[in-house]
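Number of protein chains: 2
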Amino acid sequence: MACQTNNLPPVTTRAEQREETRERIVEAAVECFSERGFRGASTREIAGRAGTNQGLITYHFRSKDDLWKAAADRIVGQLEARIRERLVRLGGEDPRTRAREMIREFVRFNAGHPELFRFMVEQGKSDDIRMRWLVDTHLKRLYEAIPQLGLGAEGPLKPHAFYVLVGAGSVLFSVAPECRRLTGLDPSSQDAIETHADLVARLLVP
Amino acid sequence: MACQTNNLPPVTTRAEQREETRERIVEAAVECFSERGFRGASTREIAGRAGTNQGLITYHFRSKDDLWKAAADRIVGQLEARIRERLVRLGGEDPRTRAREMIREFVRFNAGHPELFRFMVEQGKSDDIRMRWLVDTHLKRLYEAIPQLGLGAEGPLKPHAFYVLVGAGSVLFSVAPECRRLTGLDPSSQDAIETHADLVARLLVP
DNA sequence: TCGTTCACTGGTCACTTGAACAGTCTGGAG
DNA sequence: CTCCAGACTGTTCAAGTGACCAGTGAACGA
Chain A
195 MACQTNNLPP VTTRAEQREE TRERIVEAAV ECFSERGFRG ASTREIAGRA GTNQGLITYH
255 FRSKDDLWKA AADRIVGQLE ARIRERLVRL GGEDPRTRAR EMIREFVRFN AGHPELFRFM
315 VEQGKSDDIR MRWLVDTHLK RLYEAIPQLG LGAEGPLKPH AFYVLVGAGS VLFSVAPECR
375 RLTGLDPSSQ DAIETHADLV ARLLVP
Chain B
195 MACQTNNLPP VTTRAEQREE TRERIVEAAV ECFSERGFRG ASTREIAGRA GTNQGLITYH
255 FRSKDDLWKA AADRIVGQLE ARIRERLVRL GGEDPRTRAR EMIREFVRFN AGHPELFRFM
315 VEQGKSDDIR MRWLVDTHLK RLYEAIPQLG LGAEGPLKPH AFYVLVGAGS VLFSVAPECR
375 RLTGLDPSSQ DAIETHADLV ARLLVP
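As they're listed, the protein sequences go chains A and B.
Counted the way our numbering counts, the first sequence spans residues 195 to 400.
Counted the way our numbering counts, the second sequence spans residues 195 to 400.
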């Protein structure tokens, strides 16, 4: 990209450049895959959004499949970091307040990262190799961590409660363009986010 | 397909054959579009699932775009028929029972037709021509019919309540393969459907 | 019975797709 | 300064992609 024409040491090292480029590609991939699905997203469009050419994708990630995995790793990683961060700040609260606040934080995360839910829905639909990878590599771990967060009952209702939480807390933001046109509400506004977070939290922890 | 080799009048007329073929194609299109999205679904795969060849799709529907619209019409039409049917059976009930039962019926519909939600999410993600068509042609009408169903509050909470209902009542069934692998629960079992319908109804109408 | 209509087939078109690869240029080690 | 690993580019290739269209044969009207 930016050429070093002087003889001073470069602002960024080669390794940093490389990492930055990879990062840019993964970011574009998250967007594209979440908007168009695996088959619908083309590596050329991803390269275009990342500001490079298609050949570079094969270079950094061996295949479209590997790029998709990197994209999934990234979005799930962001969720986990956010949850962990929030957990330490809620040390001494009583269980109900804790649960409500964790739900609120989950909703806020979805508002900022609608790609997470889109990935889950996109991949959950068909019983293919990517769905199995996503479940085994990431979702199982998240699902089993739920009781530690002080959320929901163990037992036969757990799957239902899980998908109610995920659905209720995510769809509004995942279909933001549709919501704007259908209802006039802008789901990305601070007000809408907090209203929704509060509604979901109060519904699930009365 | 089946040739008439005798000289008796055919079992089905030409017009019936035509309609049956169109129907088969639309059905396959609903499946494919809901699994793979608009760009990810290929007309050849749709033709294959419908048991014909790709040329026939251009013959019956001018373009992939028109086929997609026919698929959307079909799935929304099925929802409306189901809702209307349920409404007449709930004539004399009190409002809360009515609302709960309408929610239950909505959940049951999603269990049998996960394509509806997939269509909504698939199209709601990006602000393109198909999303606008879907909102203007179908969703606006559905959204504005909600108060007549005795559901949810008008006012500023309506968009939030709408997307909570849609999300909570649909996701479990839309990602059924994922759910089976992740939780062990089979969302297509009668027991799971009724449990989920009851949970959502009780959450939204306490 | 005959001629026409039309649902349907199979092949072709220009174009896009993911992958592969031979080059190019440059940061950084020696 | 020299030189090379390696980040990056542009092109090429086979396998799809949606649209189009000339044919085919059975159903149907006369």
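Misleading hints may appear alongside valid ones.
[Unchecked claim] The calculated label-pair distances, taken between Cβ atoms and stated as ranges, are:
id, chain 1, residue 1, chain 2, residue 2, range
1, A, 285, B, 283, 48 to 58 Å
2, A, 218, B, 322, 17 to 27 Å
3, A, 267, B, 322, 37 to 47 Å
4, A, 349, B, 274, 28 to 38 Å
5, B, 212, A, 339, 32 to 42 Å
6, B, 254, A, 351, 29 to 39 Å
7, B, 257, A, 338, 29 to 39 Å
8, B, 274, A, 384, 17 to 27 Å
Hints are computed from structural coordinates only; laboratory data are not their basis.
Every value quoted in this text rests on a predicted model; they were computed, and no experiment measured them.
Just so it is clear, CB atoms sit at the ideal spot from N, CA and C, and this is done for glycine as well.
Structure-based check of each hint:
Restraint check, residue 285 of chain A to residue 283 of chain B: a C-beta distance of roughly 52 Å satisfies the suggested window 48 to 58 Å. The given range of 17 to 27 Å is respected by residue 218 of chain A and residue 322 of chain B, whose C-beta atoms sit roughly 24 Å from each other. Judged by the Cβ atoms, the range 37 to 47 Å given for residue 267 of chain A and residue 322 of chain B is violated: they are separated by roughly 28 Å. Take residue 349 of chain A and residue 274 of chain B: their Cβ atoms lie about 37 Å apart, and the range 28 to 38 Å holds.
Residue 212 of chain B and residue 339 of chain A have their C-beta atoms about 55 Å apart, which leaves the hinted 32 to 42 Å range violated. Hint check: residue 254 of chain B to residue 351 of chain A, Cβ distance near 46 Å, so the stated range 29 to 39 Å is violated. A beta carbon spacing of about 47 Å between residue 257 of chain B and residue 338 of chain A contradicts the range 29 to 39 Å that was offered as a hint. Residue 274 of chain B and residue 384 of chain A have their C-beta atoms about 36 Å apart, which leaves the hinted 17 to 27 Å range violated.
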